[in-house]
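J.: Going line by line, the protein sequences match chains A and B. If you're matching positions, the first sequence starts at 1 in the numbering used here and goes up one per residue. If you're matching positions, the second sequence starts at 1 in the numbering used here and goes up one per residue.
Just so you know, the hints here were simulated from the structure itself, not pulled from any lab data. Ideal placement from N, C-alpha and C gives every residue a C-beta, glycine not left out. Misleading hints may appear alongside valid ones.
As the list claims (entries may be wrong) - Covered stretches of chain B, as calculated for chain A (at least 3 residues, CB under 8 angstroms):
hint, region
1, 67-81
2, 142-149
Said to hold, decoys possible - In the DMTMM-like style, the derived pairs of lysine to aspartate or glutamate whose C-alpha atoms are separated by at most 20 angstroms in a straight line are:
hint, chain 1, residue 1, chain 2, residue 2
3, B, Lys70, A, Glu222
4, B, Lys70, A, Asp217
5, B, Lys70, B, Glu138
6, B, Lys73, B, Glu135
7, A, Lys221, B, Asp71
8, B, Lys70, B, Glu213
9, A, Lys10, A, Asp20
10, A, Lys45, A, Glu160
11, B, Lys40, B, Glu181
12, B, Lys69, A, Asp217
13, B, Lys73, B, Asp3
14, B, Lys70, B, Glu181
15, B, Lys221, B, Glu135
16, A, Lys75, A, Glu160
17, A, Lys75, A, Asp20
18, B, Lys70, B, Asp3
19, A, Lys75, B, Glu135
20, B, Lys73, A, Glu222
21, A, Lys221, B, Glu138
22, A, Lys75, A, Glu222
23, B, Lys69, B, Glu138
24, B, Lys73, B, Asp7
25, B, Lys69, A, Glu222
26, A, Lys10, A, Asp81
27, B, Lys221, B, Glu138
28, B, Lys73, B, Glu138
29, A, Lys221, B, Glu135
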Amino acid sequence: MGATLVILRKDLLIEIRRKDSVISMIFFGILLLFVMNMAIGIGRKVDPELAAGILWISILFSSVLGLGRTFSLEKTNRCIDGLLVSPVAPSSVFVAKNLVNLSFMLISEAVIIPVFFALYGDNITVRLAPLLATVLLLNFGFSSVGTLFSGITAATSRNEVLLPLLLFPVITPLIAFTVKATGEIFAGVPFGEYSSWLRLMAAFGLIFSCAGYLLFDYVMKEN
Amino acid sequence: MKDDLTDRILVVLSSVLMLTAVYMIFFYAPTERVMGIVQKIFYFHLPLAFMAFLSYFVAFVSGVLYLVKKDIKWDIIGSASVEIGVVFTTLVLITGSLWARPIWNTWWTWDPRLTSSLILWLIYVAYIILRMSVEQAERRATFCAVMAIVGFIDVPIVFLSARLWRTIHPVVIKSKSIDMEPAMISVLAISMAAFLLFWITLIRIRSRVDFMELRIRNLEKIKRGGME
Numbered sequence: 001m002g003a004t005l006v007i008l009r010k011d012l013l014i015e016i017r018r019k020d021s022v023i024s025m026i027f028f029g030i031l032l033l034f035v036m037n038m039a040i041g042i043g044r045k046v047d048p049e050l051a052a053g054i055l056w057i058s059i060l061f062s063s064v065l066g067l068g069r070t071f072s073l074e075k076t077n078r079c080i081d082g083l084l085v086s087p088v089a090p091s092s093v094f095v096a097k098n099l100v101n102l103s104f105m106l107i108s109e110a111v112i113i114p115v116f117f118a119l120y121g122d123n124i125t126v127r128l129a130p131l132l133a134t135v136l137l138l139n140f141g142f143s144s145v146g147t148l149f150s151g152i153t154a155a156t157s158r159n160e161v162l163l164p165l166l167l168f169p170v171i172t173p174l175i176a177f178t179v180k181a182t183g184e185i186f187a188g189v190p191f192g193e194y195s196s197w198l199r200l201m202a203a204f205g206l207i208f209s210c211a212g213y214l215l216f217d218y219v220m221k222e223n
Numbered sequence: 001m002k003d004d005l006t007d008r009i010l011v012v013l014s015s016v017l018m019l020t021a022v023y024m025i026f027f028y029a030p031t032e033r034v035m036g037i038v039q040k041i042f043y044f045h046l047p048l049a050f051m052a053f054l055s056y057f058v059a060f061v062s063g064v065l066y067l068v069k070k071d072i073k074w075d076i077i078g079s080a081s082v083e084i085g086v087v088f089t090t091l092v093l094i095t096g097s098l099w100a101r102p103i104w105n106t107w108w109t110w111d112p113r114l115t116s117s118l119i120l121w122l123i124y125v126a127y128i129i130l131r132m133s134v135e136q137a138e139r140r141a142t143f144c145a146v147m148a149i150v151g152f153i154d155v156p157i158v159f160l161s162a163r164l165w166r167t168i169h170p171v172v173i174k175s176k177s178i179d180m181e182p183a184m185i186s187v188l189a190i191s192m193a194a195f196l197l198f199w200i201t202l203i204r205i206r207s208r209v210d211f212m213e214l215r216i217r218n219l220e221k222i223k224r225g226g227m228e
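Same shape as in the complex, but just chain B (with noise of 0.2 angstroms):
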């Protein structure tokens, strides 16, 4: 029950800052001069991006510990964050497309980012497939950590094999300085933290729905024991 609550006040939360930072997007953060409107998907843009990439380094973490501690725990959690990170891998794909469109007067173009986004989405597609594949629990969480971390090992390769090829992709956040104007910076805090929030809040559900699933198999168990 308390799990329940915490859920809730969650779900509460997120929503509250997830429209401020809407609201703010569109009321307080200043238009872009060369761009105008459309630079507005950029504050959903790149926090999505950024959670998927949680995601994904959640899920390698959680399949390190699981191949370590054989804790059913982390291959639930794991797998929650796969599936959350590829549909935000999914909606990174599609805002950046919306994006380039009007900017770059294409819908898609091979550019290292979009090229290295588009290959996390296979390599994660593919765990999916993978669970999806496989019946037994311990066995599928076994390979399932097994991809998650070859997966993972994999995103810088990835990244540095698209950087190697020129690149039209702005890079907004530099190691110094950010080039942005401060407005702009504070609706983009906003927005990543109701993301974050908003992360949170789904791998919670998300993973609640196979813990509960975990406890009905055991009570089944437990119940065809008692009959036989």
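Isolated chain A, as found in the complex (with noise of 0.2 angstroms):
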């Protein structure tokens, strides 16, 4: 546990000094609100779950950015070699890591969500408690997931083209309940209809947190 939080100390205090991943993955983020909103034709309404599509394919491609720089950081100057001799299991290093995405995904859905609702928010409820329940639970499905390909990916010649490869088809169910779910809350649909929806969204977070934890000492002895 105490190691866990120490990785995740260095990478944010890495990113707060330097701060390339959080930048990039929020101008991305809204650089494609823009380019979507041209998509459709500017200044078109929007109905509650075609917004909710644009929403999630801003976060989710600005956050691939974010993604495959966790890993690649530590091949600079081969620092994963320092984390793999140091005496702290790789299981802590994906702990740590997922968390480290969980953050900058935070962040920077902070800023692209608000921008959000002020392109495309004439139709659409807002209801801050839901929407954050589904925020996170998308993160953590997605940094589950993303944090065991990135370490993957990190050790291979393609880095950054091969992690969007991999991951999007594995986190389809994921986008699918997310985007249903996100449809419906801005929709105005009361909670008891669409909680089914988060449910499914923690058990996929479940179950790809648990299958990283379990595969990631694997990845990691490869690196």
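Quick one: dock chain against chain with the hints and give me the complex.
T.: So, in structure tokens, the structure goes:
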């Protein structure tokens, strides 16, 4: 547990000093919101479910940028060797990197979501608590699968290209659950009608965080 | 040499069985009343889907065995079955499309089973791309094993997520009864057996190519060692 916090602290400190991951994520997310506004026709009113899709495409695509960096960071100057020889279990590294990705995503979402409401918010009901729950559950599932895969792709020669190719097919069910839940939140449906989607999202996160926790040992040893 | 003989016997057997299956599909099985001749594609579509699924299961089991035993044999078997699984899934999607066009009046619809098959296809194509991107054999084997395991864990979730939408795909085989003519069932059984044998043959031949490559690599290594 202590080691996990040390790695988390180290990565957050690096990010606070360099600021490159989170800033690129935020910028790319907002850029995607603009691009999609052009794709659907500027200024067109969107219905809640389409709005949910637009929001999540921006967030997911921008989050991949940050994900790819969490491990390539360790590759510079072979820091990963230091991690491997240090008395830290690979699974603690997994938990730490997972938390790092979660916090990067949360920070960028804190900017992207308000911008989204400003651009697309006309037909949308704003309900903060269920939206926050959806965001947290998506982040949990996304970064569990993503952390495992970024460990894999960091050891290949095509890191940035490969990561989204591996990640997106596997998380399609999660994306589907998330868009459904968000669409219903935006439409102002009562909580009981979409809570089952949230439960499925939680199940997805739990399954893949366990799988990642177990499989990460093998991935780390090949780095 | 003994392996070679087994392979040849398998090739002959699966060809004979496949030809028998094709004959029975067109001359023995009754023509479906509503859909007509098009329905015959079903005898290819379902076995292909079944074998594709079997491939992914084999890849999952070999992935686990590789991570536990670190024997490159399991990597070779796993990758052979993923490759064949992808080919079979591609054929499932194509035969399904051909069938859907006259019956549902569309090449593609976002029906749960179609969506699930497409997602599975994407996951395992990603596996093959990952395989092409890693040079070093052990690293590649580990990463592919992890991908095969994660992909297979995803299979039930993909099916569940797709199920939660409405379906227009016929559920032919239910848990209790099979909704088909007896003659159709026996043709389907023979077609299944033919595809199973064909699948085993393909897996054996495909993995033999990799085993040979491994042997050549090792011989080269020995030769280079001797020269230095």
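J.: Checking against the hints above, which ones are violated?
T.: Failing hints, ascending: 1, 10, 14 and 18.
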